[in-house]
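Novice: Here are the chains, one letter per residue:
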Amino acid sequence: MPLGSNAYEEMKLQSVSSHPLGAAAVPAPELLCIFGTGDLGRSLGLRLLQSGYGVVYGSRRPHSCGPLPEGAQVMTHAAAAQSASLVFICVHREHYGFLETLAPHLEGKVLVDLSNNLKKGVYPEANAAYLQRLVPGAAVVKGLNTLSAWALQNGLLAGKQVFLCGNSAEAKQAVGAMATKLGLTVQDRGTLSAARELEDFPLRLFQEWRLPLRVAVGLIAFFFFYLLIRDVIYAAVEQEKDISYRIMIALANKVFPIVSLIMLSLCYLPGVIAAVLQLYRGTKYRRFPDWLDRWMLCRKQMGLVALGLAFLHAIYTFIIPIRYAVRHKLISRVVDEMKDNLTTPFYFDKTEAWGTDSFFVLGILGFFLYVLLGLTSLPSVGATLSWREFSFVQSKLGHLTLFICTAHGYIYGWNKFLRPSTYKWYTPPGYMLCLIVPSVVLVLKFLLLLPCVDKTLTRIRQGWERTQPKEEMVMTKATNM
Amino acid sequence: MPLGSNAYEEMKLQSVSSHPLGAAAVPAPELLCIFGTGDLGRSLGLRLLQSGYGVVYGSRRPHSCGPLPEGAQVMTHAAAAQSASLVFICVHREHYGFLETLAPHLEGKVLVDLSNNLKKGVYPEANAAYLQRLVPGAAVVKGLNTLSAWALQNGLLAGKQVFLCGNSAEAKQAVGAMATKLGLTVQDRGTLSAARELEDFPLRLFQEWRLPLRVAVGLIAFFFFYLLIRDVIYAAVEQEKDISYRIMIALANKVFPIVSLIMLSLCYLPGVIAAVLQLYRGTKYRRFPDWLDRWMLCRKQMGLVALGLAFLHAIYTFIIPIRYAVRHKLISRVVDEMKDNLTTPFYFDKTEAWGTDSFFVLGILGFFLYVLLGLTSLPSVGATLSWREFSFVQSKLGHLTLFICTAHGYIYGWNKFLRPSTYKWYTPPGYMLCLIVPSVVLVLKFLLLLPCVDKTLTRIRQGWERTQPKEEMVMTKATNM
Amino acid sequence: MPLGSNAYEEMKLQSVSSHPLGAAAVPAPELLCIFGTGDLGRSLGLRLLQSGYGVVYGSRRPHSCGPLPEGAQVMTHAAAAQSASLVFICVHREHYGFLETLAPHLEGKVLVDLSNNLKKGVYPEANAAYLQRLVPGAAVVKGLNTLSAWALQNGLLAGKQVFLCGNSAEAKQAVGAMATKLGLTVQDRGTLSAARELEDFPLRLFQEWRLPLRVAVGLIAFFFFYLLIRDVIYAAVEQEKDISYRIMIALANKVFPIVSLIMLSLCYLPGVIAAVLQLYRGTKYRRFPDWLDRWMLCRKQMGLVALGLAFLHAIYTFIIPIRYAVRHKLISRVVDEMKDNLTTPFYFDKTEAWGTDSFFVLGILGFFLYVLLGLTSLPSVGATLSWREFSFVQSKLGHLTLFICTAHGYIYGWNKFLRPSTYKWYTPPGYMLCLIVPSVVLVLKFLLLLPCVDKTLTRIRQGWERTQPKEEMVMTKATNM
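If you read the sequences in order, they're chains V, F and Y. Residue 423 is where the first sequence starts when you use our numbering, and the numbers rise one by one after that. Residue 423 is where the second sequence starts when you use our numbering, and the numbers rise one by one after that. Residue 423 is where the third sequence starts when you use our numbering, and the numbers rise one by one after that.
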């Protein structure tokens with residue numbers, strides 16, 4: 423992180439050789455100024471003091487501004503501004519007014535705007551742009567606004583990324599150096615025009631999760647009512663049986679795996695569509711449609727929602743045998759068995775044993791791979807993977823998971839597909855509906871892996887274009903990575 | 423990271439334009455000196471060599487000091503110190519004596535004290551302070567002592583946070599620049615007076631986990647004996663039945679969920695108490711009592727211990743049906759059923775089916791949310807959340823989890839609260855006791871969410887004070903964040 | 423991060439005091455040049471623009487090179503190179519040829535080689551070394567090649583570690599400063615001779631996982647066939663029963679825990695061997711044999727594979743009661759019970775109840791500790807642990823886990839060890855075989871913890887050597903950490 427010019431001067435004066443650096447020679451710490459003695463101001467001051475800075479608070483009432491960190495001074499705003507070249511503005515935007523009158527004292531200073539708004543789009547301009555307009559002679563740097571008073575106070579900053587923007591490269595360097603000293607990782611986002619974006623960061627609420635969650639809720643609602651009609655209402659109407667107690671667990675345990683499988687396949691569908699589009703267009707140099715781009719950007723969240731549903735499915739399955747209804751059914755079956763047949767040994771259906779066990783094993787393996795995929799999507803685990811490892815896990819392992827989970831679905835219905843009783847009220851059961859998308863994805867993926875198709879696709883992804891004269895292509899596109 | 427002055431000189435001499443930087447022009451690497459050829463010294467040297475530094479070891483017996491990393495030189499301490507401006511002291515404090523005699527050779531050098539002690543509080547002063555006293559002419563920097571030889575050797579340093587302290591800003595800059603080059607994140611902790619704190623870091627042993635673990639152990643012990651008396655001893659005394667085999671699983675599976683629920687509510691109780699305190703005091707500018715501060719700081723660990731117990735409860739529940747005693751009971755029930763009633767169909771209690779299924783579903787959903795909360799408390803996941811997302815998860819989702827888990831507890835006893843047989847020896851069952859704290863927390867939280875209370879609390883948290891003249895308040899406090 | 427010399431000049435010219443830094447005084451951003459307009463080139467350009475740099479693309483056909491990020495300029499290679507001091511080479515190695523003719527224009531520039539190969543060992547020299555040979559007058563820096571176009575485009579760079587190497591320290595400083603500005607953590611790997619290693623990084627595919635996975639596959643195959651013969655084939659041959667349906671779940675659920683336990687003990691065996699070796703040799707200053715070193719380096723992966731198998735074992739166990747075969751067996755048992763004994767109450771074996779419950783409890787606790795160990799091996803969790811905490815978890819908690827899981831295995835066979843029917847075809851059952859290694863590890867570990875042995879070992883690890891005269895030892899070795 424480059425130095426501010428005064429820091430450089432300081433260094434020139436005290437070179438290692440000219441005077442020995444003993445315990446006695448503690449240099450006066452660099453002074454920083456904080457406007458505002460609220461939670462954020464106080465936590466920031468504490469943290470700066472811990473990192474070896476001197477801190478001066480600017481306050482309207484320097485003598486009655488509540489408890490401040492030990493070692494900090496309090497002055498009037500003007501005096502405080504005078505004593506430091508960096509001023510942190512820890513004041514709500516609504517109260518920026520007083521800064522205009524202070525403008526002469528802030529001439530040439532670096533002002534760090536840490537403010538956030540409570541809602542998006544309340545003001546026409548960003549807080550930092552407003553501040554710059556009020557104090558045109560200062561260099562405003564927007565940033566550090568993603569830090570909470572809580573994190574500052576408890577030293578939870580290690581490696582945390584913060585964003586800076588501002589029109590003065592030098593001012594950003596000074597702020598960046600300070601932030602690096604606090605243990606933060608700084609990312610420069612350019613000029614002050616990015617301030618609005620930075621101010622919206624702390625207000626984001628699971629933006630990239632919204633589409634996946636909406637898809638999940640929509641699918642869950644659809645399949646819930648579909649199965650409610652087919653199972654509970656059908657039984658009530660046609661057989662005059664009340665099996666509504668099944669809603670809580672038996673029905674939910676059908677909905678969750680169905681939606682989970684569909685959402686898993688929706689993770690891999692956009693990749694397949696993109697490949698088909700590239701093959702059809704014969705080039706990779708045309709942008710994908712917007713909906714495809716947006717879809718591809720939320721694949722990770724889509725997959726994690728699917729994993730959550732698979733996790734619920736697993737737990738719902740584990741508690742099946744301790745349910746009252748299941749135990750009741752088991753006991754009834756024994757009683758029936760006894761009454762019918764007290765002499766011959768109870769018949770053991772080996773096909774049934776193989777079928778159900780295969781069904782369970784595929785489910786277990788699928789869930790295991792699902793969890794593996796989820797683990798590698800943890801930021802700290804993903805960061806340790808090489809590019810090839812990441813693509814191996816997300817592509818090969820991902821498609822294998824989809825294949826196994828789809829097979830798990832097929833085996834569930836292996837002996838039911840051709841039975842007329844399966845199609846109550848002429849509707850297909852839920853597990854059949856949920857197999858459509860995964861099957862399409864798997865078939866398309868299989869076709870894309872055929873040598874001839876794969877070869878063309880690889881060439882297209884390396885820059886080859888079908889419509890271009892071949893010679894020229896080699897010269898221009900294929901040279902680029 | 424700012425430059426040391428000699429680094430600056432070096433740069434001025436070899437500017438980009440003055441001589442081309444070809445493969446031939448490899449500049450001599452900067453030399454660093456290490457005193458001590460033990461594990462740490464060797465690993466550090468290896469790592470420095472990998473990062474492009476030259477390394478000189480100082481040793482008492484330069485010709486017989488065991489295997490050293492390839493490329494490093496070995497000299498006497500005095501000669502080694504002469505050749506570098508930065509000296510790493512990888513020697514135990516007990517052997518610092520020889521450094522006093524070397525003091526003239528270390529004049530003006532930066533000494534990095536990496537030493538740790540085996541126990542806390544053995545010496546009256548920090549190792550680094552002692553070193554500074556022995557070599558007053560050098561600039562001692564304490565730091566990097568949290569790195570292990572193992573991590574250094576295996577390159578596991580990426581982004582790891584290290585702490586520095588020292589009286590010379592320049593010396594800290596030089597060490598910090600070196601550490602940044604190794605891929606470490608540096609945090610400056612001020613002057614050498616912080617050295618003792620830094621030396622205690624590697625000796626910490628789950629400090630913030632102690633209170634939660636003690637609470638957990640205490641509660642587990644209490645409920646274990648309470649339930650032992652109520653269940654096993656009661657049965658032995660009053661019914662003369664030996665049901666001691668239930669201790670291992672059935673009793674443990676009552677204790678774990680009870681303690682888990684209580685500890686989850688203890689995560690949210692301090693927040694509620696703090697809010698009530700602020701409402702009562704009418705200001706947020708008075709410090710909370712110490713016990714409340716300490717409690718609030720270990721909420722995360724409290725919650726994770728609760729999650730661990732909930733995890734145990736889940737597994738204990740999953741294996742219920744494969745237990746010998748359970749299978750035995752099931753078979754006995756069938757046999758009894760058969761003997762009593764061989765003709766009429768076995769009665770199915772729909773209320774029971776709904777009740778138990780609701781109980782299970784609430785348990786599953788509660789556990790699911792529990793796990794979500796646990797995942798967001800992983801450092802790398804939490805770091806990706808915005809402030810609003812984090813507070814949404816920890817507050818809204820947290821209280822929802824508590825609500826669902828409490829409802830899980832209430833449904834467990836839904837038809838037992840009014841039964842006299844529930845109160846063996848006039849004591850309430852465990853699940854009733856465990857519902858007290860969560861219910862209190864939820865009721866208080868609900869009251870705090872009432873519009874009139876919530877509004878006052880929000881104003882207090884924005885700086886408003888009840889006792890202050892209103893006009894003044896607006897001027898001073900409300901301006902601060 | 424130190425400054426390049428031109429950055430320094432810039433700073434001297436615009437000092438804070440000499441001219442105020444207002445919104446109007448936006449300095450022209452530093453220009454960087456990118457050769458290559460492929461995916462990587464475009465993503466990198468986008469990212470650089472976001473961080474406040476200016477970007478100039480060099481292209482053979484500046485007027486038809488596809489969509490580029492907004493704000494970037496496109497020129498011929500020569501013109502683009504002229505305008506910047508840093509040139510990113512985002513071109514495949516196969517097309518480096520044109521750079522030779524550009525060499526005069528690249529004199530004195532810093533060239534960043536981001537190229538990767540599709541396979542290892544295709545070319546005799548590293549891409550970066552080849553580039554340096556083509557353009558000897560430039561300073562080639564190899565690095566950033568582990569970044570994917572995807573990560574660049576989506577801003578997933580925070581704290582990601584990148585590696586740099588190059589012969590010019592100044593060139594590396596300039597590239598490092600740029601990378602730090604993008605939010606990356608830079609690690610310097612020395613001179614250009616490390617380029618080959620850096621180019622191999624993105625091609626690594628779970629290298630450190632290979633040995634553990636091979637061991638796991640080998641053990642699984644061995645125990646699968648061993649148990650297949652003992653269980654299924656034995657039953658077919660000797661009892662003429664077809665129990666092949668057991669392969670899917672019952673047999674797999676024996677193989678997984680067996681291999682898991684063996685692999686867990688293989689995590690701790692090398693540590694024990696190392697200690698015995700140090701005791702035998704009486705010194706820690708002799709290198710361990712290569713196989714032991716390699717083994718010790720993959721202990722973490724070994725443990726995680728073991729955890730994966732334990733996870734499978736847990737799920738296989740949870741679904742036992744819903745299996746067709748198990749339910750069938752239960753019903754058959756009731757029917758048999760009824761026929762034999764319709765009057766006396768069904769016998770309850772308390773020893774059996776205690777035995778099986780202890781077995782389950784040990785399994786649950788073992789799995790719980792297993793998961794804890796796995797969680798602490800997550801990079802972000804491990805990073806928050808102090809050295810003492812990490813060693814506590816990995817050594818004490820690890821050996822406790824091994825002890826509990828081994829006890830789980832012993833209790834499984836508690837009443838079978840002396841039964842002749844256990845030894846079908848004179849072979850011991852699988853669980854006996856799997857107890858050998860863990861038992862050896864635990865016994866050795868116990869012996870190493872005996873006070874007399876432990877004391878000697880601690881002294882050896884602090885540098886003491888048995889063969890050395892004692893006095894000298896104190897002087898040389900014991901001083902080092």
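Take these hints with a grain of salt, some might be off.
Stated by the list, open to error - A short, non-exhaustive set of chain F residues, derived as facing chain V with CB atoms under 8 Å:
1) K772
2) F790
3) S802
Stated by the list, open to error - Below are the PhoX-like pairs computed for lysine-lysine, each with C-alpha atoms no more than 20 Å apart in a straight line:
4) V:K772 x Y:K663
5) Y:K818 x F:K541
6) F:K722 x V:K582
7) F:K751 x Y:K761
Since the hints were made in silico from the structure, they are not lab data. All C-beta atoms in this analysis are idealised placements derived from N, C-alpha and C, irrespective of residue type, glycine included.
Novice: Each hint should be assessed against the structure and marked as holding or not.
Specialist: Each hint tested on the structure:
For K772 (chain F), the shortest C-beta to C-beta distance to chain V is roughly 6 Å, which falls under 8 Å, so the interface hint holds. With 8 Å as the threshold, the beta carbon of F790 (chain F) comes within range of chain V, its nearest partner Cβ sitting at about 6 Å, so the hint holds. The interface hint given for S802 (chain F) holds, since its Cβ lies 4 Å from the closest Cβ of chain V, which is under the 8 Å cut-off. For a cut-off of 20 Å, the pair hint linking K772 (chain V) to K663 (chain Y) stands: about 12 Å separates their Cα positions.
A hinted pair counts as satisfied when its Cα atoms are at most 20 Å apart, and K818 (chain Y) with K541 (chain F) qualifies at roughly 18 Å. Between K722 (chain F) and K582 (chain V) the alpha-carbon distance is near 19 Å, which keeps this suggested pair within the 20 Å criterion. For the hint pairing K751 (chain F) with K761 (chain Y), the CA-to-CA distance comes to about 18 Å; that is within 20 Å, so the pair holds.
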